[in-house]
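Engineer: Guided by the hints, dock chain A onto chain Y, whose structure is given.
Below are the chains, spelled out letter by letter.
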Amino acid sequence: MNGGTRRAVDVAVVGGGQCGLAMSRALSQRAVDHVVIERGEVANAWRTERWDSLRLLTPNWMCRLPGQPYDGDDPDGYMGAADVAAFLARYAERVRAPLVTRTAVRRVAPGTSGGYFVGTDRADWHCRAVVLASGACSRPVVPRLAADLPPSVAQWTARDYRRPADLAPGGVLVVGASATGLQLALELRRSGRPVWLATGEHVRMPRVYRGRDVQWWMLASGVLDQRIEAMDDPLRARRLPSPQLVGSDSRATLDLNAVQREGVEVCGRLAGVRGKQALFSGSLRNVCALADLKMNRLLDGFDAWARAQGRDGEFGPVERFEPTAVAAAPRLGIELGSEVRSIVWATGYRPDFGWLDLPAVFDRRGELRHDRGVVAAPGLYVLGLPFLRRRKSSFIHGAEDDVRELATHLFAHLDRAAAAQPCVAAAAGFDTRRASC
Amino acid sequence: MTNPAPTRRADNGVNVDALLTARAALTDAPDGARFKWRATSQWVNGTHSRATVDGFYGLGEEQRHRRSWEFDSDHPEIFASADNGATPVEYVLVGLAGCLSAGIAAVAQNRNIQLHSVRATLEAGMDLQGVLGIDERVRNGFDGIRVHYEIDADATPEQIAALVAQSQKRSAVFDIVANPTDVTVTSSKA
Chain Y
95 MNGGTRRAVD VAVVGGGQCG LAMSRALSQR AVDHVVIERG EVANAWRTER
145 WDSLRLLTPN WMCRLPGQPY DGDDPDGYMG AADVAAFLAR YAERVRAPLV
195 TRTAVRRVAP GTSGGYFVGT DRADWHCRAV VLASGACSRP VVPRLAADLP
245 PSVAQWTARD YRRPADLAPG GVLVVGASAT GLQLALELRR SGRPVWLATG
295 EHVRMPRVYR GRDVQWWMLA SGVLDQRIEA MDDPLRARRL PSPQLVGSDS
345 RATLDLNAVQ REGVEVCGRL AGVRGKQALF SGSLRNVCAL ADLKMNRLLD
395 GFDAWARAQG RDGEFGPVER FEPTAVAAAP RLGIELGSEV RSIVWATGYR
445 PDFGWLDLPA VFDRRGELRH DRGVVAAPGL YVLGLPFLRR RKSSFIHGAE
495 DDVRELATHL FAHLDRAAAA QPCVAAAAGF DTRRASC
Chain A
3 MTNPAPTRRA DNGVNVDALL TARAALTDAP DGARFKWRAT SQWVNGTHSR
53 ATVDGFYGLG EEQRHRRSWE FDSDHPEIFA SADNGATPVE YVLVGLAGCL
103 SAGIAAVAQN RNIQLHSVRA TLEAGMDLQG VLGIDERVRN GFDGIRVHYE
153 IDADATPEQI AALVAQSQKR SAVFDIVANP TDVTVTSSKA
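Chains as they are written, first to last, in this note's numbering: chain Y, 95 to 531; chain A, 3 to 192.
In short, the hints are calculated from the structure, not lab data.
The reader is advised that the hints may include incorrect statements.
Unchecked claim - Capping the alpha-carbon separation at 20 Å, the derived lysine to aspartate or glutamate pairs in DMTMM-like fashion look like this:
hint	chain 1	residue 1	chain 2	residue 2
1	Y	Lys370	A	Asp184
2	A	Lys171	Y	Glu295
3	Y	Lys370	Y	Asp326
4	A	Lys171	Y	Asp326
5	Y	Lys388	Y	Asp326
What the hints assert, rightly or not - Which stretches of chain Y does chain A cover? Using the computed rule of at least three CB atoms under 8 Å from a CB of chain A, they are:
hint	segment
6	366–374
7	384–394
Don't be surprised by glycine CBs; every beta carbon is placed ideally from N, CA and C.
So here's chain A without its partners, still in its complex pose:
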């Protein structure tokens, strides 16, 4: 705020001006801020499914990704599966890492901090006695998620810690995994 104007702009490849413009525009037009994210999934065989992401809704109209993205999910061979893709729970870690790292880049850009490398290591504990129905007291999902960031940047350790903290505060996936979300699953006969 009161710092002298920086002589060199950090460049983390994030268009902060566009983000700030969008923030201002969506403050005045809240309907445009209401997005819907979508995926479709086709069962292939066994524990193998293939999900596709291409369209979503936002800024008041249907939108498309630059191209379709496909994601194979399966289970590893120790579960007697073919391991045609990442385990679904691993996709949760992928989503969390992607969201937090994007946030770190954006916050760093906004604070004029040049990043050189941002490496996240994620680990989630899970007791299979839950999903296998062995012990009712054990939940199906993670018993916790640990994320460690190793960041090389032109910043003090405190500034780096503040980047990571601010990113969590504004992260959609962090919110989704840390807070309850209402889930509705319906079905119909094709």
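Okay, chain Y solo, but in the shape it has when bound:
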């Protein structure tokens, strides 16, 4: 509160990234009074929490939002983080999002007479519905064993890391074989350092398959539109690491074979720390076999789709790739402090809803309870989490379908709330200078 003003709106959207802005557009189209609260500037995470060389894993033509196709001149290229931020800033202007920037949400709690209280460091709101669009990558996940590391090893997360020159000279252990882990391992190796890559389960795919970007195949064949309710193991589907991909001008494939060719030493999953030794799992061969099998099933699916569509002739010949090379005796341990001077944790992210003062919406593990974005509290929604509704939910172009469906749910909620309680804001004694009810 801090003596700030209190206002009433129908909907508060927390976060001014692709999902928050796309939801804002949907709300504006229905003339729903709302506010988009952004802790920094639009696309804050893209501006401040990404490493220098990052480029999107999807080609530019896929970078589109409701009412905003890609309109640049490099459809097959891959945007950097600054380009994405600029794209989103243009979108915010175009949809005239009612943004309140540089305002951090401190607390979301049940309102005194229904609806929600949204407290920030600048002002407070009272609203009928809240849309959580603060992103899936708020908090880097670092395994507990990080606490056992000797102080002689500098620890970085993918969120803090910017460029190789920031790291102390000497060896680097990169933990995690997602897109992030492989990209950082490779650029650190190219900076002249010895690099080890701790590799657990991972997702392997070629950048280009039969002449088309693999993301084109994923979209065209329906993989990206797969729905969470069709998955055998939804929990696992949502926790899948990002596929080993990099956006580059050469459209080169980034996989374990590629990083090994440049001298990165691939080890098993980081399994423990004993004194100054980091220990790697003996499961490397199996996680590589699993990833190769899954990649081949994915490619089989693309080929079957192309045949079924009668489009086989449009593409290059069917390709299969070399199995992942695994050393005859993969390393099971490494000396921390001497061999390894720095560790980069590329072990994933979790959203951060620490400011959500609604205990009932969290499960036993502290994760948000929701059914495909409809949170377990009336009028509360979440967007942009991995596989929220579809495989593409956390992609920029994935915002469109999820926003459309969740906005429909939200409108129905507002209609019900309006019927039950004609004027929440007036009842709560808030400033109703805008006709929100």
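Structural biologist: For chain A alone, kept in the frame of chain Y given last:
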């Protein structure tokens, strides 16, 4: 997922429905999922010991096997032992094979793949210079374990490879041998 409903159910003797029910139940009641496995061992003579397994703890209470199981361990005669049972390190291979094969059967059942035969051959290398204290640089235990599965099943080679891979991913003994485990050994005077 999108395959048409199979006309014939595979039967590998695994009650997958019970496993899936247990998985769902233990997701909601995590305390029941905390098991304790136990064994007792009595030294007989020389390198010969006899271990007994009968009780364990799980689903919130003490449990018993259908009957007690006994395991003799000893060393072979070339070690000047009486060879009254398998060598302890061989029991590790027995445990690994039992765990992986059980997993293969369960995964195959869940994927509706009929198994006809599942034969595992295991081999672990070990340099005795470690246990004998000849060379400090040599570890006591295995320098690696090789497992080969020969599987006859109504499935493609890729599906069989996927069964074996998935079984490793979910195997307790694979995890125990492939990853570090904290071990506490105490003693008292009887």
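Engineer: Each of the hints needs a verdict: does it hold here or not?
Structural biologist: Each hint, compared with the structure:
Only pairs whose Cα atoms come within 20 Å are accepted, and Lys370 (chain Y) paired with Asp184 (chain A) is accepted, the gap being roughly 16 Å. The straight-line distance between the Cα atoms of Lys171 (chain A) and Glu295 (chain Y) is roughly 9 Å, inside the 20 Å bound, and the hint therefore holds. For a cut-off of 20 Å, the pair hint linking Lys370 (chain Y) to Asp326 (chain Y) is broken: about 41 Å separates their Cα positions. Proximity of Lys171 (chain A) to Asp326 (chain Y) is assessed by CA-CA distance (about 17 Å); at most 20 Å being required, the pair is judged to hold.
About 15 Å separates the Cα atoms of Lys388 (chain Y) and Asp326 (chain Y), which keeps this hinted pair within 20 Å; it holds. Judged by the Cβ-Cβ criterion of 8 Å, the segment 366–374 of chain Y is covered by chain A as claimed, because 3 of its residues qualify and three suffice. With 4 residues having a Cβ less than 8 Å from any Cβ of chain A, the segment 384–394 of chain Y passes the three-residue criterion, so the hint holds.
Checked against the numbered hints given earlier, the structure breaks only hint 3 and satisfies all the rest.
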